[in-house]
Structure formats: C-alpha cells, structure tokens
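As given, the protein sequences belong to chains A and B, one line each in that order. So for the first sequence, the numbering used here puts the first residue at 519; every next one is plus one. So for the second sequence, the numbering used here puts the first residue at 69; every next one is plus one.
With a Cα cut of at most 20 Å, we get these calculated EDC-like pairs of lysine to aspartate or glutamate:
1. B:K71 <-> B:D265
2. B:K71 <-> B:E270
3. A:K619 <-> B:E186
4. A:K619 <-> A:E629
5. B:K113 <-> B:D164
6. A:K643 <-> B:E208
7. A:K643 <-> B:E186
8. A:K643 <-> B:E194
9. A:K619 <-> A:D589
10. B:K113 <-> B:D386
11. B:K71 <-> B:E365
12. B:K71 <-> B:E82
13. B:K113 <-> B:E237
14. B:K113 <-> B:D240
15. A:K643 <-> B:E182
These stretches of chain A come out as covered by chain B in the derived footprint (C-beta under 8 Å, 3 or more residues):
16. 562 to 569
17. 695 to 702
No lab work stands behind these hints, which were simulated from the structure alone. Yeah, the Cβ is synthetic: ideal placement off N, Cα and C, and Gly gets one too.
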Amino acid sequence: MTSASPAPTRSAEARALDALATLCQRLLAAEDELDALDRAIGDGDHGHNLSRAARRLDEVRDTLANLALPDLLRRAGSEIVMSVGGASGPLYGTLLMETGKALPVAPSLAEWATAFAAGVAGLAKRGRAAEGDKTMLDVLAPASRALAVHAGGGRAAALAAMQAAGRQGLEDARPLRARRGRAAYVGERAAGADDPGAASALLCLSTITELLGGES
Amino acid sequence: MSKFLNDPEDAVAEALRGFARCHADLVQLSEQPRFVARRNRVPGKVAIVSGGGSGHDPLHAGFVGRGMLDAAVPGEVFSSPSVEQILAAAQSVADDAGLLCLIKNYSGDIMNFELAMELFDLPHAEVVIEDDIGAAGGGETVGRRGVAGTVVVEKIAGAAAERMAGLTECADLARSVAEATRTMGVALGGCRVPTADRPNLELAPGEMEIGIGIHGEPGRRRAPVAPADDIAEELVYALLSDLAPPPGEPLLLFVNGLGGTPPMELQILYRAAVRMIEGRGLAVARSLVAPLVTSLEMPGASITLTRMNDRFLQLWDDPVVTPGLRWGA
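Full structure from sequences and hints, please.
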C-alpha cells in the first residue's frame, strides 16, 4: 500500500531566490577575473563592484524571501541601485527593477521573456547605450530576443538559446571599439578585448541557464 | 609600491574618519550612508553637492566649507557613490533654495546622481563637468572626462551661492565656467587602488602617457619622457588650440599634481606654461599650483586653463575656507 503524496514542488520564488544566491556566489568567485578584464580597457573595479552587489543581496535575503516574484526582483534591483554605486549598480539594478515591474505574479516563460525585454530596454535607456557600443547590452539584448523567440519550445531549450545568443553577442562585440562607459576613452585599444560588463552579463545568463534549464 | 593600510577594504572609511576629525571645525562626516557635510550651513542658500570616486583628495571632501561645497559624496576608490549616499547628502544640506549637483562626466557618476535626483523632491539642477581633452577616444560618444577643471567650477559656483545667488543663476554660472575650462594631463607612472594587487597603468621606466585620465585611463600618446618645458608646451598648445582665447582675455592657469609629483616639479611646469602663454600675447590673470585633483600616488600633473571674465575673477577671488583650498578669509 502506498499513498500517493504530491512530490514537493518548489515555488517560483524559492527557485528565483536560490538562483540569485548562486549567482551572487559566482559573481564573488569571478571578482578577480572581471577586475582583470576591466583593468585592460577601464578602471579595474567591475568585479569589485559586483561583489558589493552580491554581498548586499545576501544581507537582505530574508527580506527578499517574503516577496512575490515581481516584488522580489524589484526589491533586489532597488537594493543594488541604492547601495552599490559605480556604473554596474545603476545598470544591473535597473535591469532587475524594470524586469520585476513587467512581470506577472505567476509568469509563463513567454511572460518572462517579455519582462526581461522590458528590463533590457530600461537598462539601455539608463545607460544611454545601444547594441554595438561594446557594453553589457551586446550580450543582454540578443539573449532577450532569443528567449522571446524560443519561449514556446520548453524552458531548457529556450534558456539554452538565450545563453547561446548572449555568448554570440560577446564574441561579436569583441573586435569593436567601445562607444559607452570608461572604455570609450581608450579608442582603438579596446578592440579585441572583452567588455567586462558583457562578460559579467554572460556569466549571469550562463548561471541562470545551468540552474533553471534542467527543471520543468 | 607599499601603502599605509590596515584592511584595504577599510581605506576610504578610515581616511574619512581621520579627515573629519582633523577638520572638525569645518565638516562633519556621516558614515552610513557615507557623505561629508559643511558644518556651518547658511539657511536659504543654494546647496552645492559634488561627489565621485575616492582617491582624488582633496577633491571633493576637501572642498566642503565656506564658499565652495555644502556636501561631498565619496564613493569607493575610483568608483561612483551610490544613490542612497547622494540622496542622503542632498536631503541633509538642501532647503527650499534648492540644490546644485556638480557632476564629473563619468557614466557611473551621471547615472547615480540622476537616479538620486529622481527621488529628490526639492528644486535641483545638475551641471556636468567635462574638461579633459587628453583621451584618444570617446569625445563623440561619451563626451570628455571631468578632471581638475572641477575645482574651478566648484570654487566659482560656490562663491556665487555664498553671495546668495539663486539656483538658476548658480547653475548657469557653473555651466559657463565648465564650458570655458579645459584640462590635459600627463603621467610618469601608474597608481594602485588599495584593494588591487597591481597598478592601473603599466608604464615602463622612462615612459610617459600624454593625456592621462585621473583613474589611469590611457591618454592619446605614449612616449619617452621629454624635458619638462617640452611637456608643458605640448599640454598648453593643445589647451590653447581647443579654447582659442582671444588676445587680452584673462586666463586662469592651474597646474595640478596627480599625487606623486613634488611641488618643485609642478612649479617647473608652471613656469614653462606661463612663459608659453605670455609669449603668445595672452594674459595669465590668476594662478594656482597644487595637487588638488590627484590620482592616489600617481606621478604626473595636469594643466587647466579657464577663459575668465570680470564676474569669474571676482567670484574666484571671494573668500574660501575649506580643508583643501583657503584664501581671503
């Protein structure tokens, strides 16, 4: 005799919170690598700034744990905007805040894609940047389009497509000169190097794909 | 290069505690959120706030006081302050007379000030300072960097606010000073951020970077170190070509040290710059030679020129009482 009990399912909020925690660990672990990329064409503190964001999110984890998904993202973004500084604080914070604003409480994958696109648009506006300026937008914009295109085909395939498009975006931007951010001042010397913001954006997308791409 | 540090992560906080204690007659420090405010504020006066990454001392906290800034918002070393810091500083010093933000042109500074001002409900105006003509790229897309010319803008706008000029007048004045000001720098070596394990700029011994930024950002040209007169001449020539001052217009000449160059060498550069400017029939009406916008321990200097007029000159000469700049009181 077995009694059928429902398998414990984790809520979308719990999964998002776990993903955020792992993301923070990966960003902390990548601090030196991102600083080195930034030193080549910027001022060498991108990894350090993202570590500040990761530590702040860790500090407010209990607060975030009580929030519905849209509010969770908005609050995480607002914590980053308020506390981190640098250029990455306003940019990543705005991305999360605007994504959260556009997200319904129980989003489908297609609704995630729409909200992510809104977040990317908000980030572009805040940073006054366009694709091809050699910024994090070169990774995030094609990734968000790929997620929208593949949203109907199952989560694993959609996230994999998103991540692949982001990676392609990073590679496409590599030979470019920077038009925004501090790397814009180095002129020709930026060509051939990866933008640190684009590299950290790809790290985030890869982590999310790895964590959430296997779950149905 | 060795440094006087405890935990490198605490460098900014510990330095500010020392600074605030040392200048307790002029400033007070808020630690959380972090900002430095003028101690004896004047009610009904336009408040002037500036800020940016730390490591450029005495900019900006060293210019808080009578006749200059009401608050300064220091970020981590070479990194923009956060929105909550800027907002807290603004709320602490501004009243109905309004707030003028003087912002150096870096994307992080622009975005954090912009986000803070979206949350600030008193009258406010922002002026972006972009005086550095040294960089090889970026002019078309991000504008020029804000560097030593910021001191000139903060001094003149601060004097106007102290004379109780209104917000619009202070902002217009700051904008016109910024537009009349250009700077170009040169580095003989790099500097190391306390939390980093290597310098921001790798220069071989005997090399110089012409057009250096104040965070070690590359300039326009790398070359063997030349005689001081030749270096001064290259900087002044570039500045005069850009500013194109008409003969007879008074100029402010500011030779700034980047942190690792002794005053003696700054005077050698200054003497060469004056000679070159006067040799072209132009008048150096005011001079300043000091390390005021530094880049940690970087050996190097910058030269700033401002096209002055009677109003700028009067406000420049007004009393100023701050930790970093003090005269006429």
